[in-house]
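J.: In the order they appear, the protein sequences are chains B and R.
Here the first sequence is numbered in this note's numbering, starting from 1 and rising by one per residue.
Here the second sequence is numbered in this note's numbering, starting from 1 and rising by one per residue.
Heads up, some of the hints might be wrong.
Per label pair, the in silico range of CB-to-CB distance [claimed, not checked]: (1) Gly95(R) - Arg235(B): 32 to 42 Å; (2) Gly328(R) - Arg264(B): 48 to 58 Å; (3) Trp228(B) - Asn274(R): 23 to 33 Å; (4) Lys338(B) - Thr333(R): 19 to 29 Å; (5) Asp366(R) - Arg235(B): 28 to 38 Å; (6) Pro315(B) - Ser369(R): 45 to 55 Å; (7) Asp142(B) - Asn274(R): 48 to 58 Å; (8) Pro24(B) - Pro315(R): 53 to 63 Å; (9) Glu125(B) - Asn274(R): 34 to 44 Å.
Treat the hints as calculated values from the structure; they're not laboratory data.
Here a beta-carbon is modelled for each residue, glycine too, at the ideal position from N, C-alpha and C.
There are 2 protein chains.
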Amino acid sequence: MSRAWLLCGAGWLLVAASGCVATPVPPRGTGDLGIVIERAAGRVQVVDTTHRTRLASVDGLGDLSHASAVYSRDGRYAYVFGRDGGLSKVDLLAGRIDRRIVQAGNSIGGAISQDGRLVVAQNYEPGGIKAFDADTLELLADIPSTYGTEGKRSKVVGLADLPGNRFVYALFDAGEIWVVDLTDPRMPAITRFKDIGRQPYDGLVTPDGRHYLAGLFGEDGVALVDLWRPELGARRILAGYGRGEEKLPVFKMPHLRGWAVAGRNAYLPAVGRNEVLVVDTATWQEVQRIPVRGQPVFVMARPDGRQVWVNFAFPDNGWVQVIDTLSGSIATTLAPGKAVLHMEFTPRGENIWISSRDDHRVTIYDTASFALLGQLPADSPSGIFFSARAARIGF
Amino acid sequence: MSRAWLLCGAGWLLVAASGCVATPVPPRGTGDLGIVIERAAGRVQVVDTTHRTRLASVDGLGDLSHASAVYSRDGRYAYVFGRDGGLSKVDLLAGRIDRRIVQAGNSIGGAISQDGRLVVAQNYEPGGIKAFDADTLELLADIPSTYGTEGKRSKVVGLADLPGNRFVYALFDAGEIWVVDLTDPRMPAITRFKDIGRQPYDGLVTPDGRHYLAGLFGEDGVALVDLWRPELGARRILAGYGRGEEKLPVFKMPHLRGWAVAGRNAYLPAVGRNEVLVVDTATWQEVQRIPVRGQPVFVMARPDGRQVWVNFAFPDNGWVQVIDTLSGSIATTLAPGKAVLHMEFTPRGENIWISSRDDHRVTIYDTASFALLGQLPADSPSGIFFSARAARIGF
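Just chain B, same shape as in the assembly (with noise of 0.2 Å):
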C-alpha cells in the first residue's frame, strides 16, 4: 500500500491507495545526476551517480553523435546539443524531453551563461551562434560568423563560456577568435581578435576562466587570449604544439578541450605522438613529456589535481591510463572495454565513469583503488555529463 499527503483547504489528509503512488516526478535532489549519450539511438540514459544506477531512458534526441551537454542553473535540466542542431531541454527528474528545437543544419555543441539564463549553440552550417532563452529556448540572439569582405560566415568551434555572460569562440575558417558579450542578448557585444593563426579546430578556457587557448590545425602552435588583458591581443604559444612538419599520421585529433590543468601545469594531449605534454602555465613552455600507451585524445584532471586520465586514438582505445601528477609517471593502466569514448569524473573526484562504445557499457572506477566498481549496459554510449557541471565555468 503506498499513501500519498494530499493538502486540502488548510490541512493535510493522508490518502492511502492500494498499488497507487502520488506523483509522476518523484522530488529528489539533482547533485548526483547525470546523462549517458546514447550516440547512434539517439537517445539519453539519465543515472544516478550515488547508487550508480540507470533512473530513465529519453528518446528523440536526433543525431548524437559528437553529442555535447550543458546544465541548467538548478540541475534539473540537461541541454543536449546534436550534431544535426538539434538542441533538447531534457528534464532529468521526469524522464522526459521538456522542451527541443532544431536550430541549425550542422551543430557542434553549446554553452549556458553564468547566470543561467542563455543557452548558446554553435553552429558549422549555418556559421555562427544563437541564443536561446534557458526557460522556453525562444531565439534571443543570432550572431551569424561573417568574416573578410565577401559576407562569407565561418565553422564556429571551441565555445566556452565566460563570467559576465559573456562567451568565447573561435572561427575555423577565418583565424579568427571572438568574444561576446550577452548581459543584453538583444544587444550582443563583439571583442574581435584576427589574424590568430590558420583554422583554430577547438578551444578552452583555463578552470579560472582567464585563458582562451585554441588549437590550429592549418598549423602548428596554439593562439592564446589572456582574457583579463584583452588590449594585449591574441599571441603564439607552444611552436612546435601540432602535426609538426613531418605531417605524422594522425588517427584523430585531439579534443582541446580534454586539455587538464592541474596545479600550475596544463597537460596535453600531443598531436600524432604517444606522449602528454606538460606546460607550465605561467611560461606556457614546455618542461616534460610523458611517454603514454597511444595518441591521447582526452587528457583530464581528477577534481583535485593529482591524477590525470588519459584515453586514446585507434587503435589504442580499450586502454586508459592514469598519470600520477606528483611524480609524473604511470599509476596504472586500465581496459574498460573497446571503443573508450569519453570520461567523466563524479563531482568530487572519487570516482570516474568511463564509456566504451564497441562493448555497449558504462564503466565505474574508484579513483583511489582503481578497484572496478560497477558496469552499467549503454546502447554505443559516447559523452556523460553530471550535473555538478551547472557549478562550473568555462564548458
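Since the structure of chain B is already known, use the hints to place chain R on it.
T.: Leaving out everything else, chain R in the frame of chain B:
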C-alpha cells in the same frame, strides 16, 4: 482545482480534487538552493538563488552561534552543526528537519566525506571527532583527541575533508595535526603530526586538497603540511604571521577558512592590522600587502579568482571591500548593512550574498557591476551556505 496523477496497478489515473495539492514536496532541482543561518532564533531559511527568494523556514535547530553547514551528495539535505553539539539534517525540498541528534556538549562545525557517506563533527567538549552515517546519523566512529601521557583530550579545530574519505584537523591544546582515513569508519587509520606549533586555532585546505595550513594563536607563524608528501612532516611558514611581539589589539581572530586562493596567490587576513596579505603558494613567501578599511575577517575569492571580497571586525564591520586581483587594488567599497558576518558566492560567482546581522537582512550584489540586486529580511543572519558546496573538496 488542482490535479494529481496516481499510478494504480498498471495505469495512470487522473484525480481532480478541489483545493487539493498532491504531495507536499514539489519536485525541483536542488542546484540553486541554499540556507541562511538565523543564529539567534535557532532557525534556517531555505533560499533559492535563481529567483532570490525564501522558500521555507526551519525551526528547532538549537544554538546556532558560529553554526556551519555541509551538503549531502545529492544537494537535497543540509547538515547543520550547532554550537551546542546539535547536528541537524535539514530537508531543503520538504522545508523541515529530517533527523536531528545532539552529539556533543560543545561543537564547532563539521565536514562530509568525499563519497558523501560520512558526516563528521569536530568537538571542543568532549574533545575529538565523531563520524555519522549521512543517511541515518547513526554513530560510526568516535575518535577522542587524546594527547600526552595523562589522557587529556584537546579541543578540535580546522576540520576539513580530503580526497579518499580522509579528514584533517588540528588539536588546539596539543599542538598537533591529525589526518584520519575513514575508508572503513569502524577502523580509522590516524596519522599524527606533532609539535606543529602552539595553539592552532583554525585550519584550511587549499582548493586542490594538497596543502593544510593551521594558524597559531600561541605564537606567530602558520603550520603547513603537504598532504601529498606526508613524510616531510609539518613545517612552519610565514614566521611573522600572527599578533606579533607587540601583541596588537585584535578585535576578532580572523577565520582561516576565509583565506582565498586565486591563481598562484593566497590572500589572507592580517592579524590586528588593516591589511590583506598576498602570499605566493609556490614559495609560501609574502609578496604584497594590500591596505584595507579595517581588520579583515573573511577574505574570499570569487570562483574565477579575479576578485577577492573582504569583510571586517568591529568597528568596521558595516563595510565590505573588493580587491581586483589583477591590479592588486581596491575595486569598490560597499556598505551592505550593520555587522556583516558572512558572504557566499553563487556557484559560478555572478552574485554574492552578504549577511548583516544587526540590520537583519541579506544583501545580494552582482559581482560584475556591483549593482544591488535585492535584499531579503532575516533574523540576525550569520552563515550563508549554498548547495553547490556538495561538489567541492576541503570544506
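J.: Would you mind marking each hint as holding or not holding in the structure?
T.: Each hint, compared with the structure:
One distance hint, 32 to 42 Å for the beta-carbon pair Gly95(R) and Arg235(B), is violated here, with the actual separation near 53 Å. The supplied range of 48 to 58 Å is broken by Gly328(R) and Arg264(B), whose beta-carbon atoms lie about 20 Å from each other. Taken as a hint, the range 23 to 33 Å holds for the pair Trp228(B) and Asn274(R), whose Cβ atoms sit roughly 27 Å apart. Look at Lys338(B) against Thr333(R): about 60 Å separates their beta carbons, and that is not inside 19 to 29 Å.
The hint said 28 to 38 Å for the Cβ distance between Asp366(R) and Arg235(B), and at roughly 31 Å that hint holds. A C-beta distance of roughly 53 Å is found between Pro315(B) and Ser369(R), which places it inside the suggested range of 45 to 55 Å. The hinted window of 48 to 58 Å between Asp142(B) and Asn274(R) holds, with their beta carbons roughly 51 Å apart. Taking the beta carbon of each, Pro24(B) and Pro315(R) are about 57 Å apart, inside 53 to 63 Å as hinted.
Between Glu125(B) and Asn274(R) the C-beta distance comes to about 58 Å, which lies outside the given range of 34 to 44 Å.
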